[in-house]
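Residue numbers (my numbering), protein chains in the order written: chain P, 1 to 292; chain E, 1 to 261.
No lab work stands behind these hints, which were simulated from the structure alone. Remember, it's a predicted structure, so these values are computed and weren't measured experimentally.
Derived pair list, reagent style DSS-like, types lysine-lysine, alpha-carbon separation capped at 30 Å: (1) E:Lys125 x E:Lys94; (2) E:Lys94 x P:Lys201; (3) E:Lys130 x P:Lys29.
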Amino acid sequence: MPSNLEMHGASYAPNQVTKPEPVQAIVSKPLTLGERLWNRGEVRKGLLLVVLAAIWQVYAMRLDNPLLFPTFTSTVEALWEGVASGGLLSKTWHSIQILLVGYTIGLALAALLAVFAITTRVGADLLETLTSMFNPLPAIALLPLALIWFGLGNLSIVFVLVHSVLWAVALNTHSGFMSVSTTLRMVGRNYGLSGLSYVGKILIPAAFPSILSGLKIGWAFAWRTLIAAELVFGVASGSGGLGWFIYENKNQLEIPSVFAGLFSVILIGLLVENVIFRQLEARTVRRWGMQH
Amino acid sequence: MDAPLLSVRQVSLQYRTKEHLVTATYRVSFDVRRCDRFVMLGPSGCGKSTLLKAVGGYMQPVEGAITLNGRRIAGAGPDRMMVFQEFDQLLPWKTVKGNVVFALTSSGKLQGRDAEEKAMHYIEKVRLAKFADCYPHMLSGGMKQRVAIARGMAMEPEVLLMDEPFAALDALTRRKMQDELLQLWEETRFTVMFVTHSIAEAVKIGNRILLMSPHPGQVKAEMISDGTDPMDPATGLKLTERIHHMLFADQVEDEKEALDA
Chain P
1 MPSNLEMHGA SYAPNQVTKP EPVQAIVSKP LTLGERLWNR GEVRKGLLLV VLAAIWQVYA
61 MRLDNPLLFP TFTSTVEALW EGVASGGLLS KTWHSIQILL VGYTIGLALA ALLAVFAITT
121 RVGADLLETL TSMFNPLPAI ALLPLALIWF GLGNLSIVFV LVHSVLWAVA LNTHSGFMSV
181 STTLRMVGRN YGLSGLSYVG KILIPAAFPS ILSGLKIGWA FAWRTLIAAE LVFGVASGSG
241 GLGWFIYENK NQLEIPSVFA GLFSVILIGL LVENVIFRQL EARTVRRWGM QH
Chain E
1 MDAPLLSVRQ VSLQYRTKEH LVTATYRVSF DVRRCDRFVM LGPSGCGKST LLKAVGGYMQ
61 PVEGAITLNG RRIAGAGPDR MMVFQEFDQL LPWKTVKGNV VFALTSSGKL QGRDAEEKAM
121 HYIEKVRLAK FADCYPHMLS GGMKQRVAIA RGMAMEPEVL LMDEPFAALD ALTRRKMQDE
181 LLQLWEETRF TVMFVTHSIA EAVKIGNRIL LMSPHPGQVK AEMISDGTDP MDPATGLKLT
241 ERIHHMLFAD QVEDEKEALD A
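Isolated chain P (complex conformation):
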């Protein structure tokens, strides 16, 4: 059976070092500008946004009913007017301030609850029971009660915001803590760490991917709850934020301004997600290879 061996020639002889052939194919070459641009998430998403805006514009123009569905350009115009007159900006700022207060308090309470849950068994039971009770309860459903308890002030809104943030963040943090590998836990104890320094130096960074997604979910919940609360709340009080802006303009049938209000909610959402959280991710979990 000489055929096969002979066909392949001497290079298949055993115990012989073969010289590598000169490579004909491309070993590595830089990508073209277009390919590199397309590889950037911001570019792809930006393009998507432009396409969506174009669809909006075309649809609204064909509908030709600014009371039902204003065009993209008239919405941008209303947005610009709102910003220029200062009303929209100050109302947005008012909303963001309350949001940050509620969000921060919610995070602090969630942290307390999660730490209590990871250090004691009763704490874990408490967290599991409380979250399964309150997590499904929409925060806005508590607003009537909050209005009775805390009156027609910002305190009521902060209360519902805390409720909307607390459970989601606590649950995510807790499940993050629980999924830290036994090996890493043992390493932490090997260094003699215990109690809060163990939680802070081992558990929190090790559970950071879950904590981060909890932070994102909490932010989104808080933002939604805030706008909804302001819509309800605005009826009773004049000192509203963005939700009140939307409500007020609806009453005056300034539909492009209603759209402008909704548009700013979306813009802030995009900004927070794509700038703040994206940066946080790039500096932490992506850099550490815990998320790709």
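Here the structure of chain P is known, so what remains is to put chain E in place on it, guided by the hints.
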């Protein structure tokens, strides 16, 4: 002869699964002396890893006592550094250097510049100085284990506990790591307890080999090794073969018992 560094006396260890109370080791005794390369060898279920965890302070014996320098071991601590089999034993949020420095600072052993110098010294010893600023996810499995070894050695513990540290590596890397470990030992003469289920690895790494039998874990024999796998003049068998026979004989007996029953 000096008093032993670590002494394990009549130690029984038990752990609970969901349904069973398992006795991992039953009345095991041995001593580890300073600068020993003490290998615990046995099939799975012989309690060698559990025993190492008990020495690490992660579990308490239900019977007997483990003492280090005459003091009973009460919990985990930086005087007994563990090197695990798993690659995820490095903190992913710290660089190679950060991992070693963090071990030194968080245990309160060294601070600031001293910690960094000590860390770099041992990172150079495992030949990873070039990768000092890399994060663990950028390293290969073998490199991660080398960082873990550097971290363990930098702490200059009384005893370095290694739980099958090379078991997840490919065969070539594994042999290289064994050579490197022996080289490091030649340089610094640390005391190491090493758990493995590979006979060849035990003979190569250890100067003393504790042979254990399973269900529950008990000491079967203790062998002396010089790393060369010498022929025994009485039996004409190499050390690895003798160990193999002892472990294998056990299995045959077990099967006989099972047949008789």
